[in-house]
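Colleague: Given the coordinates of chain A, work out where chain B should sit on it, guided by the hints.
One-letter residues, chain by chain:
Number of protein chains: 2
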Amino acid sequence: MRSIKLLIEYDGTHFCGWQRQVEGRTVQEEIEKALEKVIKEPVKIHGAGRTDAGVHALGQTASFHANITVPVDKIPIALNSILPEDISILGASEVDESFHARYAAKGKKYIYQIYNSPLRSPLLRNYAYFVPQPLDIGKMQEAGQYFLGTHDFKGFMASGGSVQDSIRTLYKLDVYFHEKIIKIEVEGNGFLYNMVRIIAGTLVEVGKGKIDPKDIKQIIASGIRDLAGPTAPAQGLYLGEVIY
Amino acid sequence: MRSIKLLIEYDGTHFCGWQRQVEGRTVQEEIEKALEKVIKEPVKIHGAGRTDAGVHALGQTASFHANITVPVDKIPIALNSILPEDISILGASEVDESFHARYAAKGKKYIYQIYNSPLRSPLLRNYAYFVPQPLDIGKMQEAGQYFLGTHDFKGFMASGGSVQDSIRTLYKLDVYFHEKIIKIEVEGNGFLYNMVRIIAGTLVEVGKGKIDPKDIKQIIASGIRDLAGPTAPAQGLYLGEVIY
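Heads up: the protein sequence lines correspond to chains A and B, in order. Note that my numbering gives residue 1355 to position 60 of the first sequence, counting from 1, and the numbers run on in steps of one. Note that my numbering gives residue 1310 to position 15 of the second sequence, counting from 1, and the numbers run on in steps of one.
Quick caveat, the hints were computed from the structure, so don't treat them as lab data. Don't take every hint at face value.
The list cannot tell twin chains apart, which means a pair is met if one copy fits it or any two copies do.
Claimed, not checked - Below are the BS3-like pairs computed for lysine-lysine, each with C-alpha atoms no more than 30 angstroms apart in a straight line:
{"#": "1", "residue 1": "K1478", "residue 2": "K1449"}
{"#": "2", "residue 1": "K1404", "residue 2": "K1475"}
{"#": "3", "residue 1": "K1404", "residue 2": "K1478"}
{"#": "4", "residue 1": "K1328", "residue 2": "K1401"}
{"#": "5", "residue 1": "K1339", "residue 2": "K1369"}
{"#": "6", "residue 1": "K1449", "residue 2": "K1503"}
{"#": "7", "residue 1": "K1503", "residue 2": "K1369"}
{"#": "8", "residue 1": "K1478", "residue 2": "K1503"}
{"#": "9", "residue 1": "K1478", "residue 2": "K1509"}
{"#": "10", "residue 1": "K1434", "residue 2": "K1467"}
{"#": "11", "residue 1": "K1369", "residue 2": "K1475"}
{"#": "12", "residue 1": "K1401", "residue 2": "K1475"}
Note that the coordinates shown come from a computational prediction; the quantities given were computed from them, not determined experimentally.
Looking at chain A on its own, in the form it has when it is part of the complex (with noise of 0.2 angstroms):
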């Protein structure tokens, strides 16, 4: 018995989602799928975090255990010579038996992507929010800065989210852009559902002058969902890295 830890690449557009579920096609069902074909036995793999429909992850992680004779080395092309195109197996490394992808991780980081022009771009229709909109930077930049430290984020989590805990500690919050493209990279000790998208959501009324960026503090501190922006779409949304 070995277990394993894997390094995963995903398109989310053609996906239900990462969790695995009775109906519609997701990510950890299509290399639980793979992985019994190289092994010959069912196995459950558990991922780091659970990515919504059409959320992408660049490098979402999950583990296993199980008697795989492929050389950890070669899992990565073993596996990708069986999965889908939309899901590519980054990496692979044996880890010790204690190990679990989603309770071992000590943060996150997730990067949320906005396409800024008056018009939409059909190559990025999946994979950034069109906000048609004129955006201050600037004071996305400032607004962002509220965010750091340890709060609790209960007025940034989607209703039915059933935490015990809403408090998380956000160490790093920038907003930068390239020509028309608005990247959010957030990286935090742990995210509560829709988290990224509404602080993204948020972000985006502040720069379109909706919320002043001094407005945050109080809106973080109220808990109230209603005072925040809406949860911003999921296409823009990417699962950067999970940090052990």
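Modeller: Just chain B now, kept in the frame of chain A:
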């Protein structure tokens, strides 16, 4: 009767190319159908370049004559509200009635994108040519310079292309990279059928060490298709700009 020039971006993945044909979805047909809805009569548009299936455009142009009452600056929004999501009209301008997008073009700029990494990228599967072997970019840059100037490019034309004159002038051929992405930017007064994809395929052979940069001069002079590299795949190619 007004004469209009359109600037067009499209994702070529789900198209059988630009040019209208009996069967299969084409960019020309989609735009003509959208224009007909706006103008209430059939319109024929003339594209500057006939891109193949899977080839993308950042700056395709097309011209047409029609009794269109929509103000010219509202044409992009009016058409985009009808067009499918994989096409976007980025601009419209009024031109002289003698203007023809193809015959008036003085040159074109193409970009060919390569993803150079040992393992494939799902996010770029439709937007770059995946080359897993290491490529020597210095050699590719050196080889690129031999294409500059005026040459008979008949060895860099797909068999089946039936032009009388295969002499073309390239003003620019730059190879640059950022992380795992290599871009080849080519600008010239005109291009033969598949010329950019054969140049890209040849530069990849140079990058792999299979063709010496110094041999490019002779390969061009020979005019023999088989001495050049293979035709690189469609999904890496972008029509960047049409120069007037």
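Colleague: With reference to the structure, classify each hint as holding or not holding.
Modeller: Here is how each hint holds up against the structure:
no. : hint          : verdict
1   : K1478 - K1449 : within (24 angstroms within a copy, 44 angstroms between copies)
2   : K1404 - K1475 : both (22 angstroms within a copy, 20 angstroms between copies)
3   : K1404 - K1478 : both (13 angstroms within a copy, 28 angstroms between copies)
4   : K1328 - K1401 : within (28 angstroms within a copy, 53 angstroms between copies)
5   : K1339 - K1369 : within (20 angstroms within a copy, 54 angstroms between copies)
6   : K1449 - K1503 : within (24 angstroms within a copy, 54 angstroms between copies)
7   : K1503 - K1369 : between (49 angstroms within a copy, 23 angstroms between copies)
8   : K1478 - K1503 : within (16 angstroms within a copy, 34 angstroms between copies)
9   : K1478 - K1509 : within (21 angstroms within a copy, 42 angstroms between copies)
10  : K1434 - K1467 : within (17 angstroms within a copy, 40 angstroms between copies)
11  : K1369 - K1475 : between (39 angstroms within a copy, 21 angstroms between copies)
12  : K1401 - K1475 : between (33 angstroms within a copy, 28 angstroms between copies)
The structure meets every hint from the earlier list without exception.
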